[in-house]
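Trainee: The chain contents come next:
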Amino acid sequence: MLKSKKRVTMLLDKGIGLRSQRDLLDTAAPYITQVKIGWGIGNVLPEEILKEKIALYREVGIIVSPGGTALEKAILEDKIDQFSLWLRESGFDAVEVSNGVVKLDEDEKCDLIRDFNKKGFIVLSEVGSKDPLRDHSISIKDRVEATRAELDAGSQKVIVEAREGGKGIGFFDKSGSVISHKISEFLECVDWRDIIFEAPLKNQQVFFIKKIGVDVNLGNIAHDEILSLETLRRGLRGDTLKISG
Amino acid sequence: MLKSKKRVTMLLDKGIGLRSQRDLLDTAAPYITQVKIGWGIGNVLPEEILKEKIALYREVGIIVSPGGTALEKAILEDKIDQFSLWLRESGFDAVEVSNGVVKLDEDEKCDLIRDFNKKGFIVLSEVGSKDPLRDHSISIKDRVEATRAELDAGSQKVIVEAREGGKGIGFFDKSGSVISHKISEFLECVDWRDIIFEAPLKNQQVFFIKKIGVDVNLGNIAHDEILSLETLRRGLRGDTLKISG
Amino acid sequence: MLKSKKRVTMLLDKGIGLRSQRDLLDTAAPYITQVKIGWGIGNVLPEEILKEKIALYREVGIIVSPGGTALEKAILEDKIDQFSLWLRESGFDAVEVSNGVVKLDEDEKCDLIRDFNKKGFIVLSEVGSKDPLRDHSISIKDRVEATRAELDAGSQKVIVEAREGGKGIGFFDKSGSVISHKISEFLECVDWRDIIFEAPLKNQQVFFIKKIGVDVNLGNIAHDEILSLETLRRGLRGDTLKISG
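Protein chains in written order, with this note's numbering: chain R, 1 to 245; chain Y, 1 to 245; chain S, 1 to 245.
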């Protein structure tokens with residue numbers, strides 16, 4: 001179960017081709033826990049490529065979900081049933097429930113989490129807005145409450161939004177630097193094992209490894225940064241050389 | 001014909017290998033209208049790889065030109081005939097006429113456009129200097145006049161220079177942000193359908209899609225951003241989720 | 001011998017898969033002198049992949065070393081003999097001796113250079129700290145003395161540290177701009193042919209080519225920038241169009 005796992009590394013797959021994906025699996029499969037096929041990338045990939053992509057990951061035990069935006073699009077268009085069918089036909093075993101753009105109050109979000117659980121999917125949820133202004137206005141208290149409610153509803157991990165770029169969102173400022181005191185406050189109220197921190201930039205990964213430990217759950221890792229992150233976790237890169245992992 | 005096309009997506013190919021190119025075509029071929037093999041990359045690739053690269057694109061109906069710099073080098077060295085021969089032997093069906101570095105007045109540039117048209121090539125032209133200072137000194141009036149003259153001479157689309165990096169050039173400031181009022185002024189005098197905006201950065205792509213529409217012609221898209229751009233056009237990414245394309 | 005070579009291009013391989021590596025060699029093998037498998041990436045790659053990776057490079061005459069951090073880890077753990085064995089079993093023909101993180105005085109560093117020479121490896125050494133504050137406190141005089149001592153001890157080239165990112169380290173400021181006067185001072189006292197400048201960013205590569213010449217030795221070049229660097233050296237990109245190489 002994803003719920004009990006530490007050291008989760010979540011890859012952000014932006015639609016890399018199958019040769020490139022095989023390269024990635026040959027070199028780094030054991031270091032990838034879960035893959036998010038970013039936002040609506042799964043909807044523009046040719047169907048047969050998408051199916052083979054998901055199958056290749058799942059063969060080696062990697063969990064696969066589409067991006068939260070794919071679900072949000074379905075919510076906007078009132079097509080959740082079709083979306084669920086598409087998940088199943090494509091081979092996804094996980095789904096991410098987010099409200100980064102659409103308005104969805106916590107009760108509705110938790111209902112969705114419960115619904116997808118009942119349908120047999122591994123559910124992750126994401127807290128945060130894709131709009132930097134709105135995102136920075138979410139208080140720590142609200143983040144904590146949403147996190148707890150979503151875990152109670154059956155989300156296996158709660159993801160802290162940072163987007164692909166990692167700047168100006170979540171616990172990061174415009175330049176991508178970490179706003180450390182916000183994370184400290186947040187971690188006083190939640191268990192880090194329940195959280196996946198999106199941390200696409202190296203300075204962010206280093207921060208979390210030093211602050212929380214080598215087993216911290218990290219997400220939105222680019223496919224060509226998976227090995228680098230593993231070296232950071234193991235103290236095999238200058239930034240963490242004196243830390244053993 | 002490229003001239004009448006909307007929603008042109010021009011890929012910047014920096015010399016990706018053939019396996020990577022096949023991955024790209026498997027996942028994204030329908031979303032690529034035209035490829036520019038950047039600057040003089042075509043001159044340093046092994047000849048047989050270049051020919052196969054061009055052939056692979058053309059087989060699926062994608063137009064292929066070398067970068068404008070390749071022609072500018074030939075102009076500097078007074079080797080335009082050899083350059084034309086190389087174009088043909090390599091399999092290019094298009095050519096880009098630019099004066100980003102070499103001095104070439106508008107009459108000479110339009111003569112070149114006419115010459116390459118006569119030789120049977122699809123011609124695109126590019127307006128702008130690769131030197132940020134010189135580029136920012138080109139007035140909107142001059143840009144408009146150059147654009148009109150080059151379209152009249154037979155250029156199928158006029159490209160607005162932004163380089164690979166997208167910063168400090170064309171309608172972008174040093175940080176890559178869009179200088180919106182310049183674009184508004186420019187678009188009062190030209191038809192957006194005749195223009196390809198080089199827009200390598202996501203914020204730039206989002207700007208143009210919101211300002212002009214999902215069919216705006218965009219260029220200098222990296223090979224690993226083609227799918228992402230398509231999701232932006234279709235409202236499948238947070239930035240454009242509420243826009244349908 | 002690497003010692004007498006000019007125009008060294010040192011690739012930073014972050015663990016690209018074998019398909020991607022074959023793509024690279026098909027398109028750019030003649031432009032790569034030497035490969036550094038970054039920091040401890042060699043330690044997290046599956047053993048058989050690492051061996052095949054090294055063999056593929058060496059088959060076409062490219063020199064291969066692990067990153068300096070791999071050796072520094074071995075120094076910290078007092079496992080230099082095991083490290084040497086691993087080098088040999090994996091197929092490396094070169095080693096990089098650095099003290100970017102561990103404390104190692106110049107005498108000890110030069111002893112290590114001599115030791116690896118005796119063991120039959122091509123030895124490169126690196127001057128600089130991975131910590132920006134410490135790195136910027138190294139005087140030019142100290143850099144020059146270290147460089148001379150290490151060349152005397154048998155280092156074939158001395159690398160100026162700039163890390164993968166190229167910012168805030170060595171002769172670069174926080175934004176990656178070149179601190180030109182420091183390089184001028186340094187080059188008054190050492191022969192540029194003995195130095196490899198790590199220069200991952202294009203503006204840095206352009207600077208060195210214009211300042212020192214098209215044959216300058218450059219390092220930490222990403223795999224997808226090898227062709228671009230070659231075009232810069234040959235005056236086939238806007239930035240260096242009027243320079244012939």
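Some clues are possibly wrong.
Since copy identity is lost for identical chains, a pair holds within one copy or between any two.
[Said to hold, decoys possible] Distance condition first, Cα-Cα at most 30 Å in a straight line; then the derived DSS-like pairs of lysine-lysine:
no. : residue 1 : residue 2
1   : Lys242    : Lys79
2   : Lys141    : Lys6
3   : Lys119    : Lys167
4   : Lys211    : Lys167
5   : Lys141    : Lys14
6   : Lys174    : Lys118
7   : Lys119    : Lys202
8   : Lys79     : Lys210
No lab work stands behind these hints, which were simulated from the structure alone. Quantities reported herein were computed from a predicted structural model and do not represent experimental measurements.
Trainee: A separate judgement is required for each hint: does it hold in the structure or not?
Mentor: Against the structure, the hints:
For a Cα distance limit of 30 Å, the shortest separation of Lys242 from Lys79 across copies, 15 Å, qualifies, whereas the shortest one inside one copy, 51 Å, does not. In this assembly of identical chains, Lys141 and Lys6 lie within 30 Å of each other by CA distance solely inside one copy; the values are 24 Å within and 48 Å between copies. Proximity of Lys119 to Lys167 under the C-alpha cut-off of 30 Å is found in neither arrangement, the shortest distances being 35 Å within a copy and 47 Å between copies. For the identical chains of this complex, Lys211 and Lys167 are neighbours both inside a copy (19 Å) and across copies (24 Å), given an alpha-carbon limit of 30 Å.
For a Cα distance limit of 30 Å, the shortest separation of Lys141 from Lys14 qualifies neither inside one copy, at 32 Å, nor across copies, at 40 Å. In this assembly of identical chains, the alpha carbons of Lys174 and Lys118 never lie at most 30 Å apart, being 39 Å within a copy and 51 Å across copies at closest. Taking CA atoms no more than 30 Å apart as the test, Lys119 paired with Lys202 passes in neither setting, with 37 Å inside one copy and 35 Å between copies. Taking CA atoms no more than 30 Å apart as the test, Lys79 paired with Lys210 passes between copies only; the shortest distance there is 25 Å, against 43 Å inside one copy.
Against the hints set out earlier in the document, violations occur for numbers 3, 5, 6, 7.
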